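If you're matching them up, the sequences are chains A, B, C, D, E and F in order. The numbers in our numbering rise by one with no breaks, and the one at position 211 of the first sequence is 390. The numbers in our numbering rise by one with no breaks, and the one at position 149 of the second sequence is 328. The numbers in our numbering rise by one with no breaks, and the one at position 80 of the third sequence is 259. The numbers in our numbering rise by one with no breaks, and the one at position 237 of the fourth sequence is 416. The numbers in our numbering rise by one with no breaks, and the one at position 113 of the fifth sequence is 292. The numbers in our numbering rise by one with no breaks, and the one at position 238 of the sixth sequence is 417.
Some clues are possibly wrong.
[What the hints assert, rightly or not] Here's a subset of chain A near chain B, in silico, CB distances under 8 Å, partners left out: (1) 218; (2) 222; (3) 269; (4) 334; (5) 335; (6) 495.
Treat the hints as calculated values from the structure; they're not laboratory data. No experiment lies behind these values; they were computed from the predicted model shown. Just so you know, even glycine gets a beta-carbon here, dropped at the ideal spot from N, CA and C.
Protein chains: 6
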Amino acid sequence: MTIAMYGPDLTFLGVRRCDLDNLPDADAVILGAPFDGGTSHRPGTRFGPMAMRQACYLPQDGSRPSLALRVDGLRDLRVFDAGDVEMFGGDVERSLSSLERAVHTVAASGAIPVVLGGDHSIALPDVTGVSRAHESVSVVHFDAHADTGEIEFGSLYGHGQPMRRLIESGAVRGDRFLQIGLRGYWPGPSILDWMAQHGMRSYEMSEIVARGLDECLSEAFAIATDGCDAVFLSVDVDVVDPGMAPGTGTPEPGGLTARQLLDAVRRCCLELPVAGLDVVEVSPPYDHAEITAYLGNRVVLEALSAIARRRRGDPWDPRQPLLAGR
Amino acid sequence: MTIAMYGPDLTFLGVRRCDLDNLPDADAVILGAPFDGGTSHRPGTRFGPMAMRQACYLPQDGSRPSLALRVDGLRDLRVFDAGDVEMFGGDVERSLSSLERAVHTVAASGAIPVVLGGDHSIALPDVTGVSRAHESVSVVHFDAHADTGEIEFGSLYGHGQPMRRLIESGAVRGDRFLQIGLRGYWPGPSILDWMAQHGMRSYEMSEIVARGLDECLSEAFAIATDGCDAVFLSVDVDVVDPGMAPGTGTPEPGGLTARQLLDAVRRCCLELPVAGLDVVEVSPPYDHAEITAYLGNRVVLEALSAIARRRRGDPWDPRQPLLAGR
Amino acid sequence: MTIAMYGPDLTFLGVRRCDLDNLPDADAVILGAPFDGGTSHRPGTRFGPMAMRQACYLPQDGSRPSLALRVDGLRDLRVFDAGDVEMFGGDVERSLSSLERAVHTVAASGAIPVVLGGDHSIALPDVTGVSRAHESVSVVHFDAHADTGEIEFGSLYGHGQPMRRLIESGAVRGDRFLQIGLRGYWPGPSILDWMAQHGMRSYEMSEIVARGLDECLSEAFAIATDGCDAVFLSVDVDVVDPGMAPGTGTPEPGGLTARQLLDAVRRCCLELPVAGLDVVEVSPPYDHAEITAYLGNRVVLEALSAIARRRRGDPWDPRQPLLAGR
Amino acid sequence: MTIAMYGPDLTFLGVRRCDLDNLPDADAVILGAPFDGGTSHRPGTRFGPMAMRQACYLPQDGSRPSLALRVDGLRDLRVFDAGDVEMFGGDVERSLSSLERAVHTVAASGAIPVVLGGDHSIALPDVTGVSRAHESVSVVHFDAHADTGEIEFGSLYGHGQPMRRLIESGAVRGDRFLQIGLRGYWPGPSILDWMAQHGMRSYEMSEIVARGLDECLSEAFAIATDGCDAVFLSVDVDVVDPGMAPGTGTPEPGGLTARQLLDAVRRCCLELPVAGLDVVEVSPPYDHAEITAYLGNRVVLEALSAIARRRRGDPWDPRQPLLAGR
Amino acid sequence: MTIAMYGPDLTFLGVRRCDLDNLPDADAVILGAPFDGGTSHRPGTRFGPMAMRQACYLPQDGSRPSLALRVDGLRDLRVFDAGDVEMFGGDVERSLSSLERAVHTVAASGAIPVVLGGDHSIALPDVTGVSRAHESVSVVHFDAHADTGEIEFGSLYGHGQPMRRLIESGAVRGDRFLQIGLRGYWPGPSILDWMAQHGMRSYEMSEIVARGLDECLSEAFAIATDGCDAVFLSVDVDVVDPGMAPGTGTPEPGGLTARQLLDAVRRCCLELPVAGLDVVEVSPPYDHAEITAYLGNRVVLEALSAIARRRRGDPWDPRQPLLAGR
Amino acid sequence: MTIAMYGPDLTFLGVRRCDLDNLPDADAVILGAPFDGGTSHRPGTRFGPMAMRQACYLPQDGSRPSLALRVDGLRDLRVFDAGDVEMFGGDVERSLSSLERAVHTVAASGAIPVVLGGDHSIALPDVTGVSRAHESVSVVHFDAHADTGEIEFGSLYGHGQPMRRLIESGAVRGDRFLQIGLRGYWPGPSILDWMAQHGMRSYEMSEIVARGLDECLSEAFAIATDGCDAVFLSVDVDVVDPGMAPGTGTPEPGGLTARQLLDAVRRCCLELPVAGLDVVEVSPPYDHAEITAYLGNRVVLEALSAIARRRRGDPWDPRQPLLAGR
């Protein structure tokens, strides 16, 4: 059911391969979504899964003990990689639908799907696939862009529209949709009105700078868990400033630092019942020295580490010295 | 009917804009096909039209007097640019069909469509659109690849299959399909058998090196004009060695030099009744210092210059000194 | 009077073209200053205007509604683009003088000139042209470098000297010259003495880090508006750290983040009577994935948006949620 | 015994993995030599094996039917990939000695070792390992450089010296050492004298241009097979012009075209009893768009295809049309 | 005793050359360590010394007056450049031992050795060489990685192990080893246990973010000077976020900003008795627009400036305006 | 009188420095012309001298024994490097005039000036300076462009005009001006008429391909030496195809190969009384992996080697095996 679309058949940092048609007991299953057919500008995210799977200078040995969190996200959790979903760029509808089946298969098995994009079109099947396996799912969405567009290039499906489709379809309640890091000059008033009408809560960078990211996150977390039993975490790498994440399709200056994103993802996965995750918009052709692919890889590791730490149950103090308690 | 899909609304080196819905008397009309939805590997050709239109260090003034051919291809012919056809990457069938309408509109008006790709998927609508406006069209096809694949990623349409679709549909007779520059490791025996059965004539690089490109071209030209009143010229920039044309999606070492390609395109347009033309697979994200975009631009100029010279009617001698006769 | 020096004739994100010799009623007029003839090190800023005009993934449609400021800087203001001033790199004096005429023409018409550089040599004509149309102009200058050099390579004119020339000529009072972001190892003591003697106020990064950028800006704004009716805002992109703005000629590590610059430019234009603006030292040959060009483009948009907001008159609160009040 | 030193554990284009300690019946065994510890200038060839193994736009399926030669070098031969030999860059002697053991193991098993470099230091163990398994081995060596240096940086081992060590050790007779493509400004007279004394035959580019590459090759082949039962083919990618192979450590302008190299490698393997092969000096950090990695990959495929064709036994005519006889 | 290993024979920004065998009275002596033979992943640091010596847009005149510190680190101190130590990449032990001799020679003469790396393997000889000339040396170590590995690729020496070797050999007490900026997924528990047992104090980024860098530094400084008369400062450029320092071998997202590093290095050299310094892991092949080389250059200048200021003795206030007191 | 304008003060591959005001007995003197103030498109050639001086993987030791020609161009001739002429980009007239003085000083001393450009504007002072020291100078000019423009950007001086200025001033007779490699779409008819009227002989690529480069060169050499006692050789690197020389300002596809240029330069210097030489239009910001800088460096070496061989007087046979006669 899955294949290696563009190049050799790798697993994420060497974790075990699994077969979607016969899933093992797993805590998390990685899926590649090598798709850039929904991109409105620079393509290249089809190579995102391959790049994020291997962007590391350490051995690809399926183990990554986190210095900060004192867990091994790839070993303390049962993490498998199910390979890439076949997603032909020229047929967005068929591709998204294949992905949704795969994500739902994982979620229905009780594992957390971790989807490596691909452009942000994939959030539609990612969140839908997860929401079908849970009572009520909220979304925490890091991005420079709201991705709530109506129709683009004559299509309902594309990387500027998935969040609208999700709310329209009822997969997610608009007032449980939290957006962090928006900025720039899109969308315009009518789409913003639509967003307001559906009760979305979007944190633009001005608010984040003025109030502090941590305060905004705490507020958003309270909303996300109000009446929802599961949270989907969608991370568009362009939430980070283009200087620190150049390998992406629609760069918008003035974003978070990489440090801020990693800390925020950590908090999400330590504090929220994350049931699904995607990391999108890493575009290797525009990257330099793999720095954006590394960042995408580290976002996945940070999330898995924090999920493992959350499951272990003991509190975590960022002020504790690294070597304390050894 | 046409738009500027990715960036500012430019015309090819500053030639006049025209409107597809109301075509002027034209000798040649440039169309952008900013599409990479059919690519099997590296994307990026969506930016090919924008790159090829402006890759020049001279003023964008709609004039290019050829030193070699002593004509101005942009002024001695009536050349217009109709802009880009909207081609959403995520919907290959709709996109190709929009392009076919545009190409046919141009061809039916009596002008030569000059299509700037885009990936090679577009050859299907390009040649079909032209063939519908002529009695019998043959194809001269420069490429490292035969592009005669059956189904890829579950789709009949993609950049590895257009030539098969053209022959299957009857748009072109297989035995009037001439391929120059093939090499490498694709396709395999069954597709080659299909090609042989349909009478295609494909010149692999070994034959070209052994016999000389000029001899192969002369032979091919004789076939192309045997019973056909029009020739479509399809130039995939990857026919050139990747060292001289790195900005492309499926590079295959061992190709022609840029000089050879320019001379071959010149001969085609001097000696054949060229009724349509596309230049494809220029992928700016993989280019360096715009050298592949420049090459694509010069292929277009070489073709237009030679068409202008052919129409002027007097013979051309490459051995004549540049300043002779002034 | 203006031309497209290097490539196609674009306007800034598709705003309307205007003619310098026959200016329309405008709030702001964009001018390209494609000049790197005054550069002491890496050239390339001649391509800055072309790059900044089109660095965007959104349609080039002359509209940019700011999420943060809730205005459309390109539509709520009457913004036109007058094209490029012809500035031959090999003749700095003639070039600067042509630019001064153009800037003065705009300023005298009552519009704000927005000059896209080019190297920082152009600040001399930019500020001079504006100052001739106002009673008394102060300068707020973001830069890693003081640009107050005496003579370089035997010339009074170059990108390291404009601020000195401006004070010497009397175009600006030294004690109304505010510099933000200086750092590094230039200039030496004698030039610093000259700066002190003329009452300049320069905020080096150590002071900015120790006191906070916002406190420094507030102090500077008070000086800038003390007895001056107009402020010229000159933004050298190298004020930002080279990691976030690599495409520049004289990179100096340890600068502002892109976020800080955008917020600072916003404050300037919200709080000060900005009468002219230039964005300089964007050098595309040294850029990667256009991130520096994007930053330059966003500095212009941020400024125009804030000017529009200032003119609307109602107060702005950065803590207001994006969708509040809709 | 072998590992994946730098990144995921891939096989060459997906051929089967094998274990050096328990070799299967094989015709050719690929070995990675990820070593740049012997480089005198630019490093990076440690990433050569990983890059050459996967540089292809086709599926990594262990099959590559050659259009030109009408064989599938990866399937008509039994080709396996034994992975990378561990070669710590900081210890050249230990590294080379590990490689020699591995190469000899393969050669002694009756298979052809195909070694992916790595810098040219590895030719010493490569040829030595092969020579120990054969009666008498000659070497055909494509390179811009003679690699016959004495001592460099205080070491006998490095990428400028392997050919001298091979002749000194008696692994190869100097008068059965054929060098093709030398040029430039190294070595100086004393080393050339040493080469002459040992009867080496080196074809500098001037001779190749004047006489033609094919004539030179025919002459070299006659020497190589005079009293030798086996030939080692060593291909330094810098024999090709840097324009077509920029990703290398010591580029020397004025080389062969990629086409010439591929045709020459084909002739070697069609006409000579090749018993071992290495492809060296592909340095990914200096490559662009993978073009040099692609070239290295194609050199390996060309060699394997031609070996398969030679074993099939029927004559090959480059002038035969691609589709003839189907 | 020293040479120019890779390219022309430059001195650091034009300071005077000196001869290691006959050292002048110097305050600081620069040594190049062009070595990447100990690198576990991307090489290229062999070109670090050449790149850091000349990365500047100002004249290479041996003078750099610091705006912030009001001293000229290259003139107020007697700074010389002794050139590169010959360090053959293929022989790590011999190379490190040559470097140790050179560093000790400088330290024993009473000057501060300033070593330009090179990969971090060189910290072993750098600190050892300095420790042999002082009573008791502590180490302040900026890095993303602890570099306390046991054996890698079969070798005790490499860029992941120097800190362990230093503590094992007794050159430095483990409880006077301060590490700033660690993060990511290496090393694992057993090495961390070893570090704890030896009393190392390592500040991971979570602690730095939570407590603030300045508080952590103050605490570390107190430890470093407790019973030690000298401090060695080792700066691995990968402590900075890869977005701001891409030109390095083992990038780990989430690091310091360049501004933070410069300020921290300044504080070290203002407040501590720095007796030796190295700046390592600048890898030009992976750099873009020289930004990482510039950063390395500025770290050296910041250190020398602060040492000069410390020696001058008067207090320094970062809040003082640049032009105050002139 | 000369300086190091952009970076460290290097000599060409380590040859001896000399002082223009006090020239030694020299056969050839290298001068840097770091000037791009006359460029009509991409700048960057100001860094050409620095790049060409050091582009080599061999030691910078002032010795380069040519394999092909069996001389050491840097030792058999007395070659010195006089450094860079100060050429402020913003003042083309002053800059060109400084260069002319320097070139004339060298030529008048009896040495051959070897000028490293810089854009092609410098040919005007280069040839003028040489012509003033000789009876009658002809020019052999390798270039894609005729460089015979009238006025550009309002200036008589720029890189598109030097050849016209030289003929107008009488420095060179039009009918002793030989151009090799022209192609593309510039200049137009009126300039071509002017060229014809002045008797220039320009070999466009079509003629070169049809007749062969060697035949064209032989014909050109006969003209060049007809009544002239000295030849100036001007090599614009853009005569080579952009694929092999991307680092240049005005790339024109379809050029010579690097091999052809090196062989042609060799013939010029073996067969003609070359009295001056420039190598221009190498633009490092657009280069990749220094391949264009290497090519420029090798053009200089090829020329100096051939001049040395010509002076030695014995005939040279390209067919002689490398090791023959040792």
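For the hint on residue 269 (chain A), just tell me whether its beta-carbon gets within less than 8 Å of chain B. 3 Å, holds
Interface hint for residue 222 (chain A), Cβ within 8 Å of any Cβ on chain B: Holds: closest Cβ of chain B sits about 4 Å from residue 222 (chain A), inside 8 Å.
Do the numbers back the hint for residue 335 (chain A), that is, is its least Cβ distance to chain B under 8 Å? The hint is violated - residue 335 (chain A) has no Cβ within 8 Å of chain B, the shortest such distance being about 10 Å.
Is the hint on residue 495 (chain A) kept, meaning its closest Cβ partner in chain B is under 8 Å away? 41 Å, violated
Interface hint compliance - residue 334 (chain A) to chain B, C-beta minimum distance less than 8 Å: With a minimum Cβ separation of about 5 Å from chain B (threshold 8 Å), the hint on residue 334 (chain A) holds.
Using the nearest Cβ pair, does residue 218 (chain A) come within less than 8 Å of chain B? Holds, because the Cβ-Cβ distance from residue 218 (chain A) to chain B comes to roughly 7 Å (cut-off 8 Å).
Checked against the numbered hints above, the structure breaks hints 5, 6 and satisfies the rest.
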